[in-house]
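Colleague: Below are the chains, spelled out letter by letter.
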Amino acid sequence: MLSRVAEAVFWMSRYLERADNVARFIDVNEHLTLDLQGAVAEQWAPLVYTTGDHEPYFQHYGELTRSNVLQFLTFDARNANSILGCVQRARENARAIREIISSEMWEQINRFYLLMRDASRAPACDHVRRIVEDVKLHSHLIQGVLDTTMSHGEAWHFANIGRLVERADKTSRILDVKYYILLPHTRDVGTPLDIVQWSALLKSASALEMYRKSKGRILPAKVAEFLILDRDFPRSMRYCLVHAEESLHEITGTPAGSFGNRAEQQLGRMRAAMDFTSIDDVVQQGLHEFIDRFQTELNAAGEAVHDVFFARPELPLAS
Amino acid sequence: MQFSSYLHNGAYDELFAPDGLPRDRSEPLFQRLQNLTPEELQRHQKAADVALWNMGITFNVYGHEAGVEKVWPFDILPRIVTDSEWGRIERGLQQRIRALNLFIDDIYHDRKICRDGIVPEELVASAKTLRMACAGLEPPQGVWCHVTGTDLVRDRDGEFYVLEDNLRCPSGVSYVLENREVMKRTFPQVFEGLRVTPVEDYPERLLDTLLHTAPRGVDAPTVALLTPGIYNSAYFEHSFLAQQMGIELVEGRDLVVHDGYVHMLTTKGMRRVDVLYRRIDDDFLDPKCFREDSMLGVPGLMDVYRAGRITLANAPGTGVADDKAVYAYVPQIIRYYLGEDAILPNVPTYVCSDPKQCAHVLANLDQLVVKPTNESGGYGILMGPQASSEERARYADVLRANPRNYIAQPMLTLSTVPTIVEDRLEPRHVDLRPFVLYGKDIYVLPGGLTRVALRKGSMIVNSSQGGGSKDTWVLADPNRPRQAEQSQSQSQSSSSPALAGA
Chain A
1 MLSRVAEAVF WMSRYLERAD NVARFIDVNE HLTLDLQGAV AEQWAPLVYT TGDHEPYFQH
61 YGELTRSNVL QFLTFDARNA NSILGCVQRA RENARAIREI ISSEMWEQIN RFYLLMRDAS
121 RAPACDHVRR IVEDVKLHSH LIQGVLDTTM SHGEAWHFAN IGRLVERADK TSRILDVKYY
181 ILLPHTRDVG TPLDIVQWSA LLKSASALEM YRKSKGRILP AKVAEFLILD RDFPRSMRYC
241 LVHAEESLHE ITGTPAGSFG NRAEQQLGRM RAAMDFTSID DVVQQGLHEF IDRFQTELNA
301 AGEAVHDVFF ARPELPLAS
Chain B
1 MQFSSYLHNG AYDELFAPDG LPRDRSEPLF QRLQNLTPEE LQRHQKAADV ALWNMGITFN
61 VYGHEAGVEK VWPFDILPRI VTDSEWGRIE RGLQQRIRAL NLFIDDIYHD RKICRDGIVP
121 EELVASAKTL RMACAGLEPP QGVWCHVTGT DLVRDRDGEF YVLEDNLRCP SGVSYVLENR
181 EVMKRTFPQV FEGLRVTPVE DYPERLLDTL LHTAPRGVDA PTVALLTPGI YNSAYFEHSF
241 LAQQMGIELV EGRDLVVHDG YVHMLTTKGM RRVDVLYRRI DDDFLDPKCF REDSMLGVPG
301 LMDVYRAGRI TLANAPGTGV ADDKAVYAYV PQIIRYYLGE DAILPNVPTY VCSDPKQCAH
361 VLANLDQLVV KPTNESGGYG ILMGPQASSE ERARYADVLR ANPRNYIAQP MLTLSTVPTI
421 VEDRLEPRHV DLRPFVLYGK DIYVLPGGLT RVALRKGSMI VNSSQGGGSK DTWVLADPNR
481 PRQAEQSQSQ SQSSSSPALA GA
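Protein chains in written order, with my numbering: chain A, 1 to 319; chain B, 1 to 502.
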């Protein structure tokens, strides 16, 4: 397929995933705020940090208030990663490749965008529940439409890679920011913690129920293990790497366990490292340090995908 | 729904006779509509609007913010054309395109038609759309104008006239197909059983046309559609057609010339392109040949074209035949190449480059419509009878300074079709753009795009200036074979001697 088209599929999928994650973060925070009366202001900071857009936030808004944060994360045009911003860019990418995706896929993304655009006419804090529900529902719908109306060929695999790379990044951010905030001092590691807050962390990744089934009681190291290393949970960092690498090999035809380009090499190395890492190793080198390195490597993998598949090749000058 | 309050405005109405009763052709439609209340009709209209939004059927408007998308305005009351009317339009367009193709070929070769004194050499040489880079070229299979959209209007006398030919990159066919789709989705009960001639096979026919005109000797030609990108006003159409044909939609930056061929840049390296359905004007196609500052085209494309290694549809240079001054000569062009009288008449036209005709135009500006010879979208037109005397005086100065650039025509009264305005029907003026494909045969899509001037009294139908559209129904006569079958057998059996050498 065309390099430009592959790139647009990749980013369409990434932006949809990003919008979905922002909605999930908001959702959990809303629940949390309802549970914890008083000291509400503090609860909005982690949300802004999790998305990584704290700098533009403080540039445009002074105070961390519920209505400010919700507006910033949902509809604010000055925040490129607001839900509306992400959906808009997903749609722009989809529009550029409308002939590649199925009509059903386009129509669903288009409807999603129109819904968010209309919703943005009222302040976010007036109807945040509804917004979050709509975003989650449409994400699921679009994923379903993608899986059932498009051949699982090259375009689908690029969409898969985009989604999984974005998801791995978001899960690592949730873990990093929340862990840091929930454990301000290293001496607190291993002490009984507020179950409500740890549950919230898991909920941010839609992981609470699946965690319970596989790990039982809520313990910080177990939570970290689940979100980083679990083989089967579709939002764990490892799961994302394993399946992104699979899609990459489907595209190139390179046999598993080897590599034919820098993207495969980079993702393969990260995946292999995950396969042979235990949670003790992670704790030993420091969770934050581990995640920091993961994010740097993931960015490099994203760049490698770009260079190998999307960038214009150097050609001999045509005379 | 009662139609007794529908008032004529003096134009020919497509659906109602002057006595206020439906014409024969619209009788079955109105029988069905009679069972609907005005509210129901409005509800169907709303459902169609929502469907258009959800399907993302939009066009872009230039001039304000970059690429503002607007939903395609659509009125659910169709325009009906009878079988016999259509038969004549179809034959007329086939004749016209055949002649124009021969004309273009002649212009880039010997210019016999000029030497024989039929069309002034000066007029051709001064056409802004003449591309001397195409002189001597032999396009694959002899086809220059693969896709044509010819604008027709019906005047007060009930007669169809050709208003203009669009031989470069005519737009609108996607809306013909989508209008039909929306009609079926939202108004199935009026549609059923009326024997509306289908239009859905257009993408297949377009693909056939493109494949047929591929360079000789290519086994399985690769076809791609070249678009200027998502901010182009017709981008929706480009992506729609590429999707429907299952071909790649490419931008200039996706293509390179390498080893004498045009290639697409793909995730697996370069892939050769054999046929390019280009929706970019000549000027922007190849910065090495035409406009140097073009970022939309492909450097070196014209060299590949000249070497016969790629088909460009339409061929560069076809615009010379849609210069509006050349248009005035089409009846003579038809007679010259085909030895036939034009089946579809032109609108009487004054060519201002002719001093006598120019003097007449200047003396009668208050009765004429004056148009630039090389503009589209309804820009730069003087509507003489509606303009103020200052406007006419200003226009006269511009005209005198460059007479070659203008033609003039009498003011026509475009026919009307009932259109939903709030809870009632009002007449709105329409034109018609049928689409013609020239490959192995000449195929005319039954119906075409009916554009509507939505503002009361307005005759400007361009979507960029507040126009909308309607579904166009060619109703098959129950006693005759279907239009599509008929047209096929026609185009296969008629072989003009002039075409044999092409």
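There's no promise every hint is true.
Straight-line C-alpha distance at most 30 angstroms; calculated DSS-like pairs for lysine-lysine [what the hints assert, rightly or not]:
(1) A:Lys136 / B:Lys356
(2) B:Lys70 / B:Lys456
(3) B:Lys356 / B:Lys456
(4) A:Lys136 / B:Lys46
(5) B:Lys128 / B:Lys356
(6) A:Lys136 / A:Lys215
In case anyone wonders, no lab produced these hints; they're calculated from the structure. All values reported here derive from a predicted model rather than from experimental measurement.
Colleague: Now tell me, hint by hint, if it's right for this structure.
Modeller: Hint check results:
1. A:Lys136 / B:Lys356: Outside the cut-off at roughly 72 angstroms; violated.
2. B:Lys70 / B:Lys456: holds, 21 angstroms
3. B:Lys356 / B:Lys456: Given pair Lys356 (chain B), Lys456 (chain B) is violated - Cα atoms ~37 angstroms apart, limit 30 angstroms.
4. A:Lys136 / B:Lys46: holds, 28 angstroms
5. B:Lys128 / B:Lys356: Roughly 22 angstroms between the alpha carbons, so the hint for Lys128 (chain B) and Lys356 (chain B) holds.
6. A:Lys136 / A:Lys215: Given pair Lys136 (chain A), Lys215 (chain A) holds - Cα atoms ~26 angstroms apart, limit 30 angstroms.
Figure legend: structure checked against the earlier numbered hints; hints not met, in rising order: 1 and 3.
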